[in-house]
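Asker: Chain by chain, the residues run as shown.
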Amino acid sequence: MLELFDGPVPTEEILVRWYRDEAGSNYGAYIPFIGTIRDEDGISGLSFDIYEPILESWFNAWQERAKEAGAVLKMAHSRGDVPLHTSSYVAAVFSPKRKVALKMINDFVEDFKASAPIWKYDLRDGKRLYAADRSTPISGSGILGE
Amino acid sequence: MVRVEFLGPIQKEALEVEATSLRDVAAALQSDDEVKDWLESCAVAVNDTLVKSLDTALKSGDKVSLLPPVCGG
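Sequence order for the protein chains is F and X. Every number in our numbering is 68 more than the matching position in the first sequence, counting from 1. Every number in our numbering is 22 more than the matching position in the second sequence, counting from 1.
This is chain X alone, in the form it adopts within the complex (with noise of 0.2 Å):
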């Protein structure tokens, strides 16, 4: 099992998912109507770095988390 965070304003509590790269966790996520729309605008940290593919390989233990749109300052 991965655990996935929802980070900022996702109103969201983390998800357990069975997964063996980022496409699973892509599948699960897109069946949730909670967190669906907010799939298109985030990025996407494994173990707390930024990643790009969705082919990303994951292990049980890992932390997948989604970062909506920022604004610092």
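Excised from the complex, chain F in its bound form (with noise of 0.2 Å):
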């Protein structure tokens, strides 16, 4: 399941809402990651773009390995602007047993900040500033200036 959220990611709701749908399906772990926007360098919030269709599939793509190890992966992330002290992204797995929930959130959100066809910039003094340093080149990326 993926959740896109024009603004904050509505934490508490959705993490309640994940534990209630599965809460019948027999997985022993329920392990959430949360990410918040912290005040730091002076920004007043974070603003993402997303580019949907291959987010969809890069996601479709890591639900198809979850299930081979027989777990479910859920996430949500926020589209244009967030506010200091809220949330722009959750991601969660379920799964029968704890060690393999729990190396699937690490692999799945290392992938995720690799991967994802997402942008961020910083809001500072009025501006959206694209985070050019903290971003990452997806694997491949460079053919066109061969």
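Just so you know, these hints were derived from the structure itself, not from any lab. Please note that a few of the clues may not be correct.
[Stated by the list, open to error] With a straight-line cut-off of 30 Å between C-alpha atoms, the simulated DSSO-like cross-links for lysine-lysine are:
hint : chain 1 : residue 1 : chain 2 : residue 2
1    : F       : Lys195    : X       : Lys58
2    : X       : Lys74     : F       : Lys181
3    : X       : Lys85     : X       : Lys58
4    : F       : Lys181    : X       : Lys58
5    : X       : Lys74     : X       : Lys85
6    : X       : Lys34     : F       : Lys181
7    : X       : Lys74     : X       : Lys34
8    : F       : Lys181    : F       : Lys171
9    : F       : Lys181    : F       : Lys167
10   : X       : Lys81     : X       : Lys58
11   : F       : Lys181    : F       : Lys135
12   : X       : Lys85     : F       : Lys181
13   : X       : Lys81     : X       : Lys34
14   : X       : Lys85     : X       : Lys34
15   : X       : Lys74     : X       : Lys58
16   : F       : Lys171    : F       : Lys135
17   : F       : Lys165    : F       : Lys181
18   : F       : Lys135    : X       : Lys74
19   : X       : Lys74     : F       : Lys171
20   : F       : Lys181    : F       : Lys195
21   : F       : Lys195    : X       : Lys34
22   : X       : Lys58     : X       : Lys34
23   : F       : Lys165    : F       : Lys135
24   : F       : Lys135    : F       : Lys167
Reassemble the complex: the two chains are provided individually, in unrelated frames, and hints are given to aid placement.
Answerer: Have a look at this one:
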């Protein structure tokens, strides 16, 4: 399940809803990761652009991996502006056993950072500034410059 | 003609380019001052599938997307 929201992710509602949705699914472990916007470097918040077609295919490939391990993945992310101390990203793994879920949430979030087609901007002094120094080229980048 | 789209922070309107492979798109973009500095760091998708070869064939109506470095979360 992939959910996108304009503005902050409604973290409390989502965590409870996902918990309830899987309450009867016989999973032994529910491991969420919640990303919250920190007050640093004078920003008033962050902002995000998303390219949905490739985000969906990336997420669906991960969901297949999870299924092979008997697990299920869920993810929610923000579009547009997200103020300080609210959340822009929630991901979770449900699995029969805790060790599978702990490894998968780590691997999933790492690959999310490296591959998901989402662009981050700092909101500072009324401007929206691309976070170039914290961004990572997707694997295989640069062929057009050859 | 193929349509070339620029995603995220690349502030540029889509282009229509005559191309039979990504090599033709690369040649067109390398001579475009607005976008050439992005090429070294961008991933490329054809019809929303990421590709890694300049020899990727293109036909009229295809969509080529440039994806600059990402940072979700």
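Asker: Hint compliance check: list the failing hint numbers for this structure, sorted ascending.
Answerer: none
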